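Chains as they are written, first to last, in the UniProt record's numbering: chain A, 1 to 250; chain B, 1 to 250; chain C, 1 to 250; chain D, 1 to 250; chain E, 1 to 250; chain F, 1 to 250.
Hints are not guaranteed to be accurate.
Stated by the list, open to error - Per the computed footprint, the stretches of chain C lying under chain F, defined by three or more beta-carbons under 8 angstroms from a beta-carbon of chain F, are:
no.: 1; stretch: 21-35
no.: 2; stretch: 43-55
Claimed, not checked - Residues on chain A that point at chain E, a partial pick, calculated with CB under 7 angstroms:
no.: 3; residue: Cys18
no.: 4; residue: Leu44
no.: 5; residue: Gly46
no.: 6; residue: Val49
no.: 7; residue: Pro69
no.: 8; residue: Ser173
no.: 9; residue: Val176
Claimed, not checked - Across the chosen pairs, the derived CB separations fall in these ranges:
no.: 10; chain 1: D; residue 1: Lys131; chain 2: B; residue 2: Phe127; range: 46 to 52 angstroms
no.: 11; chain 1: C; residue 1: Asp134; chain 2: E; residue 2: Glu241; range: 30 to 36 angstroms
no.: 12; chain 1: B; residue 1: Phe127; chain 2: E; residue 2: Val183; range: 40 to 46 angstroms
no.: 13; chain 1: B; residue 1: Thr244; chain 2: A; residue 2: Gln110; range: 36 to 42 angstroms
no.: 14; chain 1: A; residue 1: Glu241; chain 2: B; residue 2: Gly247; range: 19 to 25 angstroms
no.: 15; chain 1: F; residue 1: Ser8; chain 2: C; residue 2: Glu4; range: 34 to 40 angstroms
no.: 16; chain 1: E; residue 1: Leu6; chain 2: A; residue 2: Ala177; range: 22 to 28 angstroms
no.: 17; chain 1: A; residue 1: Ser196; chain 2: E; residue 2: Lys131; range: 31 to 37 angstroms
no.: 18; chain 1: B; residue 1: Ala177; chain 2: A; residue 2: Gly247; range: 24 to 30 angstroms
Treat the hints as calculated values from the structure; they're not laboratory data.
In this text, all values refer to a predicted model and were calculated from it rather than measured experimentally.
Every residue gets a Cβ at the ideal spot worked out from N, C-alpha and C, and that includes glycine.
Protein chains: 6
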Amino acid sequence: MRRELLESGRTTHGGWCCLPGPITAEVMGRAGFDWVCVDTQHGLIGYDVLPSMLQALALTGTPALVRVPWNQPAEIMRALDAGASGVIVPMVQSAREAEQAVRACRYPPQGERSFGPMAPLMRDRGFSTTKANDEVLCAVQIETRSTLDELDEILSVPGVDVAYVGPADLGISLGVAPTLDVVEPGHLAAVERVLSACQEHDVIPGIHCADPRGARRWRDMGFRLLAVATDVRLLELSAAEAVTGAGLSR
Amino acid sequence: MRRELLESGRTTHGGWCCLPGPITAEVMGRAGFDWVCVDTQHGLIGYDVLPSMLQALALTGTPALVRVPWNQPAEIMRALDAGASGVIVPMVQSAREAEQAVRACRYPPQGERSFGPMAPLMRDRGFSTTKANDEVLCAVQIETRSTLDELDEILSVPGVDVAYVGPADLGISLGVAPTLDVVEPGHLAAVERVLSACQEHDVIPGIHCADPRGARRWRDMGFRLLAVATDVRLLELSAAEAVTGAGLSR
Amino acid sequence: MRRELLESGRTTHGGWCCLPGPITAEVMGRAGFDWVCVDTQHGLIGYDVLPSMLQALALTGTPALVRVPWNQPAEIMRALDAGASGVIVPMVQSAREAEQAVRACRYPPQGERSFGPMAPLMRDRGFSTTKANDEVLCAVQIETRSTLDELDEILSVPGVDVAYVGPADLGISLGVAPTLDVVEPGHLAAVERVLSACQEHDVIPGIHCADPRGARRWRDMGFRLLAVATDVRLLELSAAEAVTGAGLSR
Amino acid sequence: MRRELLESGRTTHGGWCCLPGPITAEVMGRAGFDWVCVDTQHGLIGYDVLPSMLQALALTGTPALVRVPWNQPAEIMRALDAGASGVIVPMVQSAREAEQAVRACRYPPQGERSFGPMAPLMRDRGFSTTKANDEVLCAVQIETRSTLDELDEILSVPGVDVAYVGPADLGISLGVAPTLDVVEPGHLAAVERVLSACQEHDVIPGIHCADPRGARRWRDMGFRLLAVATDVRLLELSAAEAVTGAGLSR
Amino acid sequence: MRRELLESGRTTHGGWCCLPGPITAEVMGRAGFDWVCVDTQHGLIGYDVLPSMLQALALTGTPALVRVPWNQPAEIMRALDAGASGVIVPMVQSAREAEQAVRACRYPPQGERSFGPMAPLMRDRGFSTTKANDEVLCAVQIETRSTLDELDEILSVPGVDVAYVGPADLGISLGVAPTLDVVEPGHLAAVERVLSACQEHDVIPGIHCADPRGARRWRDMGFRLLAVATDVRLLELSAAEAVTGAGLSR
Amino acid sequence: MRRELLESGRTTHGGWCCLPGPITAEVMGRAGFDWVCVDTQHGLIGYDVLPSMLQALALTGTPALVRVPWNQPAEIMRALDAGASGVIVPMVQSAREAEQAVRACRYPPQGERSFGPMAPLMRDRGFSTTKANDEVLCAVQIETRSTLDELDEILSVPGVDVAYVGPADLGISLGVAPTLDVVEPGHLAAVERVLSACQEHDVIPGIHCADPRGARRWRDMGFRLLAVATDVRLLELSAAEAVTGAGLSR
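Construct the entire structure; sequences and hints are all you get.
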């Protein structure tokens, strides 16, 4: 997934899985997104169910990312061993932390990933550590005010493929109530700061969106990796619409 | 649930769970439906996960029905022991089969339900077999052409609370391609036949709907228990809309 | 388990598992019961978790029975293939039904059990169909009034090892509120009727008890296979005692 | 799967899954078998894990069969709704039972399958009931002596695609110790009887084999659908070989 | 839960879940405890089953705490996202570690909790980060000798709501065999040291008790948050009593 | 396990579990290995399924090790609480890290293991912290080039029982493609370096092998703890052989 993204300059749109289980994952994988991310940070998804969700996504042919619970080598490596095409690493706040994330994604000599890619070896007979290092995407999340001061250092770390903005957390750290609809000027300036730094450092700018409308706004501004919808939210909203549509007054 | 439905004459609208797992069940339970049915016939849901889904629905305060895989006493009793407020029994084709379904729902002397209501005993300190017999809803599905000839006998069986039309199966048995949108005249006549028989026999007429629009049509016609949306379909459609809405052309 | 029970004339006391999961099963298996029964009829236990519960019981060295959801060959055979030492079959109401239960427990020529004993083959290198036929216990539950009239026929069926009284269901069918404390005269007479018929037909009399006190009463009367405690009830009562013991007044 | 098998006259070789879980299923699906059968009769596999195993097999592109626990409509329909390409139905002993199996596999007018193909609808946008009726394979197991007398009637039932010999059960019913190595003359004669009846009735002859050697024997004789290896047995044998190969003497 | 505890000065008694699964959790939640803690440190409970256990506890209306496996931000945040009302953090040994625990419990500006409260958002439509910061309880465990020297610093950290004594670990670090019955003078002195420090710093003193008797002792001494019973121990003891009570001599 | 290994000087051979689930674990436990290791680093095994796998291994009487995901106290302690006889700790690169691993394995005063051994307490009535400290095996993995420089310091840490070579990772860090067949001279020299250091420091030398052949080579050289086969690889290879053996040409 990585090489193609880096070389094509393409903008991609993703779906987000917070519901545990391989059937919902297959539904998300078949919806037409460019990629689907399984969220093991805020989604209610543990490691026991993750491999089957990645099987379900592989079945649909949609590349799968995993948002790991935290910037820890074991979490990153286990997601990749289970078949993820890349990871989104939350709360990266310094160049040192970004390096740590990158090194967990790459086999030596580029990093320190431990060898044991159980699912990839099953699914790709041409698997090699070199190819894996080329293909595994490493996205770091930029989501606190203090990180903005470290931005140039973070984006200069080789192997940081994507800087992914978490607008809700970034907002909270700026004193704004949590929202994916960025309207407060300071909040917006912070997002734009990440975007311009990405463009300067040739890193793909990514952002978590509230919905397709939000996604279009950021895409027009230059963001290239956009999460446009989350399974649990889609289900909540569409179920509520069904209730309303049926004229229920309960 | 049963007594209130029977006495109030109220029309109710339900949600349908085909996705296994208690988190999706909680989402459906919070959407505002009058009841939610966990489908263990066509949904990909086995008995191991069912009790936790019924816990999730109980948490939301929304009454839970279970569509059992088949008209078998053990399936009906186990769903009730796990906390269902009632069952929808597929493919009931004769008065004898309807009686069998009813008897599995009721303790003696009205039926043959075996005693061991593990979840109900936990959740209702006032539980009694009499109260359970009063409250457990028994819906039988009318979904084949040949059943129409048995309709009066079936609806005359004491304890058949709801006759629930499965339009897709009913259609297939009439030579119509499977659909919840009933337009073919013979198909529509069959649905109307069930409705009028229900009215005659004082049985609640129910029907499986494609969506809220469909639900409104049947409600206006007199149906009183309507399934208006299914989780897997809601997720599929809303995810597809998100993809379209984001202007993806993949 | 069967041969020893039949030949020794020993009275045995069992524990009852209604909670799903292999850890609770191990706790019950280590408590000192002569056997433990996993209840897949009224317990909230499906077939996916059953094999691991039988592993846990095997680990403790305590023989495991399974109460199957219903008198169906597949349910009986699958419990045995997963490692049960015998089955308790609910709601057996005639000699024909008893024969059906027995035949599902025994390989030809004594019965019709299908060959594929996955867990037994792993755990017993000396496994043979003859040995299995000798060792698998078949208990039929006597729990409705009408069954009392069929008792002699049922207990005459070769291979019916135990007649297991379900006092709650038996009581309900006699018009008594569901209880394991048998005090109503007609209720008691029915239980005694099963006991004497067992003694006449050389079948082991068994009974489901409310607690150890109840068990002692029935044992003194002659019952030989007694379930004396259920995991969910033990946990409920002991937790309530802990709350009271701590002087909580909530 | 069905049409191709019926029209090509091809001989196919399958793998057999008795171990629950989607990872082992993926391994079996990638081994190179023509099809893989998930055994929910003798395998320790319940309905909760089945859909994820069928996802895993779909991921490998290997057609998946399911051996259902018993000849019951709900079991057959649920396996198909979860994505199986066909079913193997155990212990079919008469034409009536064969018809029942076939009818559960086919939508009206050929049968009585209820509509709700959740997994097939997701995976095949061209799904139709007609196509499903064409493609779903129905194999009935011939595994008792008495069935041999009904063979012509059974194989004359339209829609019985495969007669699948279970040599172990067939042997037991003939008084032979359970084995997949058929050497006893009466046992062999029974197997040959099924083969010739298949050839006469234009039904695909299938058989459960002990290992590849056994498979070659039956194939040379004319069997066309052969299960050549079972996951649990492969793992047992190869692990034992590893222990021996390492020179362990434990 | 937090504000009420802090403001009321009330003493509360809790139950402890070490058995995985939502049914046991519901039983514990219904027993009458003021709160129930799901132990993911020493209980055999992973993250896949935790959300359903918190659903079960929510169903009972009993506030749920989670003892996290270790003082790591991701563990704390995931427990809260799954619906816990607070956390108990093991092995906190310094003010810096206490701060880290507190910061993981609170959104900015009080802490660094990342935004994505999936279960709380479903269950509380009035959810806000401010309210969450007010309500989420943070208990740090005091359980090593060396920690006693840091006690004043630890209890001075704003947001440390409870200092929870783990008597077994504290004992071991003092050279006493692991026990919840604190009798050794040095052991007792250490516990009293924590109590008096709590009173001085206006932190709620909590302690893990062997049983209700032990709880009463500590409560009389001034402890205000007491775990009085653990599911696995309750089940072990009550099952053993049942065996003894039945007069088994096995 | 530890004391016997250390005192006997015995060479042992192990099996490796990467497939989740207690049935495959039982198969591996019955194969005849001296021990079986459940790999929660590269295997697709989370903490929810681990306790049942350790039950299955305990049932077979084969000592169980767990390879933890990373050198973190919580991971080590939880594996031991669930019943492991010891742990294999990946990527230990310094004496400080080795000490941390050892301290997580031992109760005070030798270490900092927190008390709550749920499974061991159930299975061993003679459990004590002293006995546990004597018996729990601590193996550290040597698998990077830079670690070789720290080898003497690492192996001097009291309580490091085994130095376990991961040849694949060690090779990658030396610029060799990942392989368990060590032929490249620098790669071999590194392995030999670990062996001789072990002999010097009286630490048991262990190594991960490709297969029994590889195991014999290393054993002849002096390695004493050898993993000779992995479940997923055994299944892959034996299934592929079955396909070939059946003459499939697919």
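Outcome of the hint check:
1. 21-35: The restraint on the stretch 21-35 of chain C holds, since 5 of its residues have a Cβ under 8 angstroms from chain F and three suffice.
2. 43-55: Held - the stretch 43-55 of chain C has 3 residues with a Cβ nearer than 8 angstroms to chain F, which meets the minimum of three.
3. Cys18: With Cβ-Cβ at 6 angstroms, under 7 angstroms, it holds.
4. Leu44: holds (4 angstroms)
5. Gly46: For Gly46 (chain A), the interface hint holds, since the closest Cβ of chain E sits about 4 angstroms away, which is under 7 angstroms.
6. Val49: holds (6 angstroms)
7. Pro69: holds (4 angstroms)
8. Ser173: holds (5 angstroms)
9. Val176: violated (10 angstroms)
10. D:Lys131 with B:Phe127: 46 to 52 angstroms: 49 angstroms Cβ-Cβ, so the 46 to 52 angstroms window holds.
11. C:Asp134 with E:Glu241: 30 to 36 angstroms: holds (35 angstroms)
12. B:Phe127 with E:Val183: 40 to 46 angstroms: For Phe127 (chain B) and Val183 (chain E) the Cβ distance comes to about 45 angstroms; the hint holds.
13. B:Thr244 with A:Gln110: 36 to 42 angstroms: holds (39 angstroms)
14. A:Glu241 with B:Gly247: 19 to 25 angstroms: 21 angstroms Cβ-Cβ, so the 19 to 25 angstroms window holds.
15. F:Ser8 with C:Glu4: 34 to 40 angstroms: holds (38 angstroms)
16. E:Leu6 with A:Ala177: 22 to 28 angstroms: holds (25 angstroms)
17. A:Ser196 with E:Lys131: 31 to 37 angstroms: holds (36 angstroms)
18. B:Ala177 with A:Gly247: 24 to 30 angstroms: holds (29 angstroms)
The structure is inconsistent with hint 9 alone, although it conforms to all the rest.
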